[in-house]
Amino acid sequence: MDLFETLFVVVGVALLGALAVLLKTRLFPVGEDEEPREDVAEYIAMMVSVLYAIVLGLCLVSVWDTRTSASDHVQAEASALHQTYLLADALPEERREPLRLAARTYAGHVVDVEWPMMAARQPLDPSGWKLLEQLRQAGEVGDTATVSQQIAAQEVLAQLGYVDDARRSREAAAQEKLSPVLWTGLIIGGFLTLAFMFLFGISRSTTHVVMVMGLAGFIAFTVLLIHQLDAPFGAVLGTSPEAFTRYFA
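For the sequence shown, counting from 1, position 189 maps to 189 in the UniProt record's numbering; every step adds exactly one.
Do not rely on the hints blindly, as some may be mistaken.
[What the hints assert, rightly or not] Listed next, with one range per pair, are the computed distances between beta-carbon atoms:
(1) Ser79 to Thr144: 28 to 36 Å
(2) Asp112 to Gly161: 18 to 26 Å
(3) Ala235 to Met47: 36 to 44 Å
(4) Lys130 to Val50: 47 to 55 Å
Calculated directly from the structure, the hints in this document are not laboratory data.
As the structure is a prediction and not an experimental result, all values here were calculated from the model.
For each residue, glycine too, the CB sits at the ideal point set by N, CA and C.
Throw the hints in and build the complete structure from the sequences for me.
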């Protein structure tokens with residue numbers, strides 16, 4: 001269900017609710033001796049506030065989990081790449097510097113080229129995967145290598161397998177975003193919550209103004225926080241490339 005279908009369903013249900021109220025008041029009008037039921041209005045306002053708090057919590061948990069997962073993938077990728085760099089010492093002498101150079105080149109590409117693209121939610125080009133393939137080739141040893149060197153080469157391939165898996169997860173995390181349905185709930189729920197504050201507020205005007213200002217400011221802050229966390233590699237609250245720059249300054 002996309003955004004327009006969601007809005008259509010929400011508006012349709014709201015109109016049905018309004019139609020039900022109109023039919024009830026027309027078929028069963030309130031008598032002159034009956035008092036209006038203000039408790040019903042207060043109950044509805046309370047339910048809207050509670051449901052909106054649930055939507056806010058769900059959105060916060062969703063974007064925070066995405067951001068945390070992205071950070072974990074970056075850390076795993078950088079750590080495996082660093083282990084590959086260190087394993088170069090156990091390879092034949094002619095394979096050491098090519099592997100180290102390939103590892104530094106890959107890290108620099110991730111930080112300088114791919115990170116701005118992920119922050120802008122742009123798809124990554126295949127150049128990163130080509131550099132990873134060069135890493136694999138740089139870690140290969142010939143038949144003349146000793147047993148310990150061949151074991152080290154196998155460990156290099158294992159670490160590069162971890163880099164491969166973490167890279168795929170990082171690319172997927174860069175494209176994840178909060179569902180349009182949840183964004184719709186955030187906007188509509190915030191509007192209704194503030195509207196009910198005006199319709200069914202307390203009688204003292206000063207207190208009313210302070211409460212509405214506080215609630216409106218808190219809702220705006222929370223929505224902006226969700227918007228920033230929804231970019232797992234954004235500049236403000238997103239994951240930084242510090243894991244790569246720490247290992248490959």
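Going down the list of hints, with the structure as the test:
1. Ser79 to Thr144: 28 to 36 Å: 31 Å, holds
2. Asp112 to Gly161: 18 to 26 Å: 25 Å, holds
3. Ala235 to Met47: 36 to 44 Å: About 38 Å separates the Cβ atoms of Ala235 and Met47, which means 36 to 44 Å holds.
4. Lys130 to Val50: 47 to 55 Å: 53 Å Cβ-Cβ, so the 47 to 55 Å window holds.
Going down the numbered hints, you'll see the structure goes against none, and every one checks out.
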